[in-house]
Amino acid sequence: DTAVSQTPKYLVTQMGNDKSIKCEQNLGHDTMYWYKQDSKKFLKIMFSYNNKELIINETVPNRFSPKSPDKAHLNLHINSLELGDSAVYFCASSQGTVNQPQHFGDGTRLSIL
Amino acid sequence: GQNIDQPTEMTATEGAIVQINCTYQTSGFNGLFWYQQHAGEAPTFLSYNVLDGLEEKGRFSSFLSRSKGYSYLLLKELQMKDSASYLCAVPYSGGYNKLIFGAGTRLAVHP
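Residue numbers (our numbering), protein chains in the order written: chain A, 163 to 275; chain B, 27 to 137.
No wet-lab data here; the hints were simulated from the structure. Every value quoted in this text rests on a predicted model; they were computed, and no experiment measured them. Honestly, I wouldn't trust all of these hints.
Chain A residues, not near chain B, derived (Cβ > 10 Å throughout) [to be verified]:
#: 1; residue: Lys214
#: 2; residue: Pro263
#: 3; residue: Ile274
Quick list of the computed label-pair ranges, beta carbon to beta carbon [claimed, not checked]:
#: 4; chain 1: A; residue 1: Asn219; chain 2: B; residue 2: Thr39; range: 19 to 27 Å
#: 5; chain 1: B; residue 1: Gln51; chain 2: A; residue 2: Asp200; range: 20 to 28 Å
#: 6; chain 1: A; residue 1: Met177; chain 2: B; residue 2: Leu80; range: 28 to 36 Å
Below, in silico cross-link-like pairs of lysine-lysine (DSSO-like), each with a Cα-Cα straight-line distance of 30 Å or less [said to hold, decoys possible]:
#: 7; chain 1: B; residue 1: Lys124; chain 2: A; residue 2: Lys181
#: 8; chain 1: B; residue 1: Lys124; chain 2: A; residue 2: Lys202
#: 9; chain 1: B; residue 1: Lys94; chain 2: A; residue 2: Lys203
Just so it is clear, CB atoms sit at the ideal spot from N, CA and C, and this is done for glycine as well.
Construct all of the structure, not just a fragment, from the sequences and the given hints.
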């Protein structure tokens, strides 16, 4: 199936740990994004890559580090997890960077104990 | 800066019509998106308006008035499966397809 797929779907871990979330899209898009959706359901952009280059870097703690090995993949590594990091993280992709619809993955539900 | 306002919650009856409003303030307008998000699922793209007027897509239509900074999503012949959050979003005026989302409107459809 053509889609944006994220792994894992659920992530439960303890404060202070380091974890990674992976994202892959097979839609042939050249732009990928990471969003955070908190408990109030606000969806906020964190990062975006276009053809493996970082183009959006919001005010996010530097414990969060995205990596794009190629334009079909965008991973998110989080160091020293904190309670406030508990949220749903969505990966998305689009073709181009000008007013294009974004296609979202199913989300990774991160819970910090 | 950019700001988006939507009602927090709405309820409607199966088979009815509902209009979900969105007002926005942006320094440079590059269109407006509507997304649907069912509980626990990914947002899915519904519509994109960049010109004034109504665009119809089956049971869903989206309207834009750029002079008023206003849009609405019109859902006709409501079905139970339309119970979801509806997110209004505008691209950041600085470009790069950075979307600024509203808080979303939770629609509950009752029999």
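Consistency of the hints with the structure:
1. Lys214: Given a closest Cβ separation of 15 Å, the condition holds.
2. Pro263: violated, 4 Å
3. Ile274: It holds; A:Ile274 is separated from chain B by about 19 Å at its closest Cβ, greater than 10 Å.
4. A:Asn219 / B:Thr39: 19 to 27 Å: violated, 45 Å
5. B:Gln51 / A:Asp200: 20 to 28 Å: For B:Gln51 and A:Asp200 the Cβ distance comes to about 22 Å; the hint holds.
6. A:Met177 / B:Leu80: 28 to 36 Å: Roughly 50 Å apart at Cβ, these two residues miss the hinted range, so it is violated.
7. B:Lys124 / A:Lys181: holds, 25 Å
8. B:Lys124 / A:Lys202: Since the Cα atoms of B:Lys124 and A:Lys202 sit roughly 20 Å apart, the hinted pair holds (cutoff 30 Å).
9. B:Lys94 / A:Lys203: This hinted pair holds, its Cα atoms lying about 26 Å apart.
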